[in-house]
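With the hints as constraints, model all of the structure from the sequences given.
Spelled out from the first residue to the last, the chains are:
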Amino acid sequence: MAQELHYPLDSSSYKILDEIGVGVSAVVYKAICIPMNSTVVAIKSIDLDQSRADFDNIRWETKTMSLLSHPNILKAHCSFTIGRRLWVVMPFMSAGSLQSIISSSFPDGLSEPCIAVVLKAILHALSYLHNQGHLHRDIKAGNILVDSNGHVKLADFGVSASIYESSTRGGWASSSCSSRLLLTDVAGTPYWMAPEVIHSHTGYSYKADIWSFGITALELAHGRPPLSHLPLSKSLIMRITKRFLFSDYENHEKNQNKKFSKAFKDMVAACLDQDPSKRPSAEKLLKHPFFKNCRGSDFLVKNILHGLPSVEERFKESKALHGITTVTNNGEEEEEEEEEGTEGETGSEIVKIRRISGWNFNEEGFELRPVFPTESKDDSIAKQVCVGSETISHDRKTELGESGDSGESSGRSSPGRVAEEMKLNHEHGETRKGDKGIDKETMVGGLMVLKRSLDEQRQKVVNLIGMLGGKVSREEQLLQVIERLGMELESEKQKNFDLELELESNKHLFSGAYNDCETE
Amino acid sequence: MKGLFKSKPRTPTDIVRQTRDLLIYADRPSSDPRDAKREEKMEELSRNIRELKSILYGNSESEPISEACAQLTQEFFRENTLRLLIICLPKLNLETRKDATQVVANLQRQQVQSRLIASEYLEKNTDLLDILIGGYENTDMALHYGAMLRECIRHQSVARYVLESEHMKKFFDYIQLPNFDVAADAAATFKELLTRHKSTVAEFLSKNYEWFFAEYNSKLLESANYITRRQAIKLLGDILLDRSNSVVMTRYVSSRDNLRILMNLLRESSKSIQTEAFHVFKLFAANQNKPPDIVTILVANRSKLLRLFADFKTDKEDEQFEADKAQVVKEIAALEPRERT
Chain F
1 MAQELHYPLD SSSYKILDEI GVGVSAVVYK AICIPMNSTV VAIKSIDLDQ SRADFDNIRW
61 ETKTMSLLSH PNILKAHCSF TIGRRLWVVM PFMSAGSLQS IISSSFPDGL SEPCIAVVLK
121 AILHALSYLH NQGHLHRDIK AGNILVDSNG HVKLADFGVS ASIYESSTRG GWASSSCSSR
181 LLLTDVAGTP YWMAPEVIHS HTGYSYKADI WSFGITALEL AHGRPPLSHL PLSKSLIMRI
241 TKRFLFSDYE NHEKNQNKKF SKAFKDMVAA CLDQDPSKRP SAEKLLKHPF FKNCRGSDFL
301 VKNILHGLPS VEERFKESKA LHGITTVTNN GEEEEEEEEE GTEGETGSEI VKIRRISGWN
361 FNEEGFELRP VFPTESKDDS IAKQVCVGSE TISHDRKTEL GESGDSGESS GRSSPGRVAE
421 EMKLNHEHGE TRKGDKGIDK ETMVGGLMVL KRSLDEQRQK VVNLIGMLGG KVSREEQLLQ
481 VIERLGMELE SEKQKNFDLE LELESNKHLF SGAYNDCETE
Chain G
1 MKGLFKSKPR TPTDIVRQTR DLLIYADRPS SDPRDAKREE KMEELSRNIR ELKSILYGNS
61 ESEPISEACA QLTQEFFREN TLRLLIICLP KLNLETRKDA TQVVANLQRQ QVQSRLIASE
121 YLEKNTDLLD ILIGGYENTD MALHYGAMLR ECIRHQSVAR YVLESEHMKK FFDYIQLPNF
181 DVAADAAATF KELLTRHKST VAEFLSKNYE WFFAEYNSKL LESANYITRR QAIKLLGDIL
241 LDRSNSVVMT RYVSSRDNLR ILMNLLRESS KSIQTEAFHV FKLFAANQNK PPDIVTILVA
301 NRSKLLRLFA DFKTDKEDEQ FEADKAQVVK EIAALEPRER T
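Chains F and G supply the protein sequences, listed in that same order. Heads up: the first sequence is residues 1 to 520, going by full-length UniProt numbering. Heads up: the second sequence is residues 1 to 341, going by full-length UniProt numbering.
Just so you know, the hints here were simulated from the structure itself, not pulled from any lab data. Since this is a predicted model, take the numbers as computed values, not measurements. Don't take each hint at face value.
[To be verified] Below, simulated DMTMM-like cross-link-like pairs (lysine to aspartate or glutamate); rule was C-alpha separation at most 25 Å, straight line:
id	chain 1	residue 1	chain 2	residue 2
1	F	Lys75	G	Asp257
2	G	Lys316	F	Asp275
3	G	Lys271	F	Glu488
4	G	Lys234	F	Asp49
5	F	Lys451	F	Glu500
6	G	Lys271	F	Glu475
7	G	Lys170	G	Glu79
8	G	Lys124	G	Glu95
9	G	Lys271	F	Glu500
[What the hints assert, rightly or not] Covered by chain G, according to a simulated footprint, are these stretches of chain F (three or more residues, beta-carbon under 8 Å):
id	stretch
10	5 to 13
11	62 to 70
12	73 to 84
We put the beta carbon where it would ideally sit given N, CA and C, even for glycine.
Below, the structure is given as C-alpha cells:
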C-alpha cells in the first residue's frame with residue numbers, strides 16, 4: 001500500500017493564479033501547489049459561514065471525494081480550513097465542464113463519437129460508484145469535467161448518497177418500504193431527475209442515476225437537457241405523468257438537421273424507461289453496441305479541446321455577459337447553480353429546489369415530445385403546459401424591450417442593458433417563427449411567468465450596475481428585498497399548486513392511467 | 001485447493017474462517033513486499049471481505065438473508081476475526097478497507113438470538129477501541145477507523161468505555177487537526193459520544209465536570225479556529241438544552257467565566273456563531289437563581305446587550321427565536337443590581 005502523496009494543508013503552499021468560477025458561497029481558483037513542483041490545481045473555496053448548520057453535507061462531500069479512487073472520478077487532494085473558508089484542493093481540469101464547453105463552443109451538441117467517449121467514461125465511473133453502494137444523484141454535463149489530455153471525470157458529490165450509511169446523514173426519511181437498498185429523499189437537479197426520485201415515496205436506487213445518465217446523453221447531443229424550456233415544476237410533473245420517447249426527437253419538424261444512429265437512440269431509450277427495473281445497469285450499458293469501437297481520449301483532444309477557449313477565458317466572458325452569475329467550471333458548486341437557476345427560470349424554484357441549471361431556458365425546439373395518454377385529466381394539464389411555455393418564450397422576448405423603459409432600474413445604465421440584451425439573444429438562439437392558437441388560460445399563465453422573469457431580469461441588471469461600479473441606493477436595496485420576498489411568496493403558492501397537480505396525477509396513476517401511458 | 005471445492009458453495013461460516021486464515025497470513029510480516037504469492041493471498045482476502053459484505057448487505061440480485069447474517073456474525077465473533085481485521089486494515093488496499101469498514105459497521109447491528117454479540121465482544125476487547133481512536137493520528141486510516149468507531153459507540157457500554165477513558169482528552173486535539181476530513185470525522189464522533197446515550201452522558205459530565213468544561217472552554221470555545229468554535233458552541237447548546245443534562249446545565253450557567261466566554265461569542269461577526277451562542281446565553285438569562293456575580297455582569301452590560309438584541313435577527317423567520325429573544329430582553333431589562341446576599 002504505497003503511501004499516497006499528501007498535499008500540504010496550509011494556504012501558504014498554494015499560489016492562486018486565476019478565478020475560474022464563482023457562486024454565492026464559493027469561489028473556484030486555478031492555483032499552483034508550490035512544494036509539489038508547482039503542480040496546477042483547482043481550489044474550491046467555500047464560505048462556511050454561508051452554509052448554515054449544514055456541515056454534515058460538506059463533510060460528506062469531502063469525505064466521499066477523498067475515499068473514492070477511480071480514473072473517471074474527480075478526487076480531492078485534500079481539504080483544510082482557513083478562517084471561515086474551507087479549501088478543497090483538486091486536480092485542475094483544464095477544459096472545464098462539458099456544460100461550459102457546450103455552451104461556449106458547441107451550442108448544438110457534440111458529435112456522436114465524442115459523446116460515446118464521454119459517456120463511456122461516465123459509465124465506468126458509475127459502475128464503480130454503484131458497486132461501492134454510492135449513488136451520485138446529480139449526473140449532468142455540468143458535473144462532467146475534462147482535463148487537457150481529454151480525460152473525463154465525474155465530479156461533484158454534493159448530493160451523493162450511500163445506501164450503506166443512510167443513518168449518518170440527516171434529512172433522510174427512513175424508508176418505510178421493505179428494501180433497505182432504497183433511498184427516499186429528493187436530491188439532484190430537476191431536469192435530470194428520474195421520475196421515481198421526484199416521486200420519492202416509493203424509494204429509488206441506482207437506476208435513478210441511469211435515468212440522469214440518459215438525460216445527460218440527450219444534453220450532450222442537443223446542447224441542453226430535454227424539457228429545459230419548461231418551467232421547472234411543470235417539467236417535473238410531465239416527467240411523472242408522461243412518457244417521452246427518444247424517437248420523437250427526430251420526428252419534430254425543427255430538429256431534422258441532426259440525425260442520430262440507431263444504436264445511440266436505442267441506448268438512450270433504454271436508460272429512459274419509466275420503469276427503473278427495466279433500465280440497464282451501468283455495467284450492462286458498457287456492453288451496448290453504441291460503445292463498440294469507442295475512441296480514446298485523444299479523440300476528444302482533437303475534436304473538442306482543440307481551439308477551445310480556456311476555462312479562465314470562458315469564465316471571464318461569462319462573467320462579463322452574465323453579471324455576477326456565472327457558468328460553473330472546475331469543481332461544480334451547488335450554490336453557483338442555484339444562482340444560475342434564478343436567471344432563466346420562472347422563479348418557482350428559487351427558494352426550495354436546489355441545484356438548477358437555468359441556461360437555455362427558453363431556447364428553440366421541443367426535442368422530446370411527450371406522448372399523451374388518450375384520456376385522463378392530467379393530459380389536458382400537460383398539454384397546456386407545453387403550449388404555454390412556447391408562448392412564454394415568444395412573449396418574453398417581445399416584451400423585454402418595454403421592460404427597459406418601464407422598469408425603474410433596468411433602464412438606468414446602458415452598458416448593463418446592452419449586456420442584458422446580449423445575454424437574452426444568446427439565450428434565445430434563433431427567433432421563433434409563427435405562433436399557434438393560444439387559449440386564454442394559457443396566456444394568463446404565460447404572462448405570470450413572464451412577469452416573474454422580468455423581475456429577475458431587473459434584478460440582474462441591478463447587479464450588473466453594481467458590478468460596473470454604479471451605486472444602488474439603500475432604498476432600492478430595500479425594494480429588492482421586498483421584491484424577493486414577494487417572489488418567494490409567489491413561488492410558495494406555485495409550489496402548492498404544483499403539489500396539488502401532482503396529487504391529482506398520482507390519483508390517476510393509481511387508477512390505472514399509468515397503464516395507458518405504458519402502451520403508447 | 002480452490003479448484004477442488006469450487007462446486008460446493010461456501011457457507012457464511014466458511015467464508016469467515018477463510019477470511020480469518022488469510023488475515024493471519026496478512027498479519028505476518030513479509031520480507032519481500034513484491035512477493036507474488038502474498039499478492040495472490042491478499043487478493044483472495046479482498047474477495048472474501050467483499051463477499052462478507054454482500055452477504056450482510058445483499059446485492060443487486062438479492063436481499064440479505066437473516067439466517068446467513070446470523071451465521072456470519074456468530075462465526076465472526078466466536079474468535080478474534082474482528083481484532084485481526086482491525087489490525088490488518090492498514091495492509092489492505094483502499095477498496096478493501098472500505099468494504100471492511102462496512103462489514104464492521106453492519107456487524108454492530110446484527111443480532112444473534114436477540115443478543116448484540118458485537119457489543120459483548122467489544123466489552124471484552126476494549127483495546128480494539130484504543131486502536132480505532134488512535135486512528136485519528138494517521139491520516140490514511142482515520143476515516144476508516146473513525147467510521148468503525150462511530151458504529152461501535154452505538155453500544156452504550158462501548159460509549160461509556162470511551163467516555164471514561166483517557167482518550168476523551170485527545171478528542172479536543174483531534175477535532176482541530178489541520179486535515180478537514182479527519183477533523184470533521186473526529187468532531188462527528190465527539191458529538192455522538194456526548195449526545196447519543198443520555199444517561200451515560202449525564203453521568204460522565206457530572207463526574208468530569210471540572211476538567212471537561214475547562215478544556216471545552218479554553219480549547220474549543222476560545223479556539224482561534226472558526227470551525228472549532230462554531231461546532232463547539234452548537235454542541236454545547238445541544239448538550240445543555242438536553243433535559244437529561246439539567247444538573248450540568250444549572251451548574252454551567254452559574255459560572256461567570258462561562259458567561260464571559262458566551263458574551264464574547266455573542267459579539268462574533270459570524271452570524272452562525274452568534275445565533276448558536278444566543279441559544280446558550282439565554283440559559284444564563286433565564287436562570288431563576290442567578291448568582292450575584294452573574295447578575296452584576298448582566299447589569300453592567302445591560303445597555304450593550306439590549307442594543308445587540310435589538311438588531312439581532314436570524315436569516316429565516318423563526319418564531320421560537322423571536323420569543324426567546326423577547327424573553328431574554330425582558331429578563332435583562334428587569335434585573336436589579338443586588339448589593340449583597
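Outcome of the hint check:
Using a Cα cut-off of 25 Å, the hinted pair Lys75 (chain F) and Asp257 (chain G) is violated, with the two alpha carbons roughly 45 Å apart. Using a Cα cut-off of 25 Å, the hinted pair Lys316 (chain G) and Asp275 (chain F) is violated, with the two alpha carbons roughly 39 Å apart. Restraint check for Lys271 (chain G) and Glu488 (chain F): satisfied, since their Cα atoms lie roughly 22 Å apart, inside the 25 Å limit. Distance check on the hinted pair: Lys234 (chain G) and Asp49 (chain F) sit about 13 Å apart at the alpha-carbon level, within 25 Å; holds.
Under the criterion of a C-alpha separation no larger than 25 Å, the hint pairing Lys451 (chain F) with Glu500 (chain F) is consistent with the structure, at around 23 Å. Restraint check for Lys271 (chain G) and Glu475 (chain F): the C-alpha separation of about 24 Å stays at or below 25 Å, so the hint holds. Proximity of Lys170 (chain G) to Glu79 (chain G) is assessed by CA-CA distance (about 31 Å); at most 25 Å being required, the pair is judged violated. Between Lys124 (chain G) and Glu95 (chain G) the alpha-carbon distance is near 29 Å, which puts this suggested pair outside the 25 Å criterion.
Under the criterion of a C-alpha separation no larger than 25 Å, the hint pairing Lys271 (chain G) with Glu500 (chain F) is inconsistent with the structure, at around 37 Å. Residue count for the stretch 5 to 13 of chain F with a Cβ under 8 Å from a Cβ of chain G: 3. That meets the three needed, and the coverage hint holds. Evaluation of the coverage hint for the stretch 62 to 70 of chain F: fulfilled, as 5 residues show C-beta separations to chain G shorter than 8 Å, against a requirement of three. With a threshold of 8 Å between beta carbons, the proposed coverage of the stretch 73 to 84 of chain F by chain G holds, since 6 of its residues qualify and at least three are required.
Going through the hint list in order, the structure does not satisfy hints 1, 2, 7, 8, 9.
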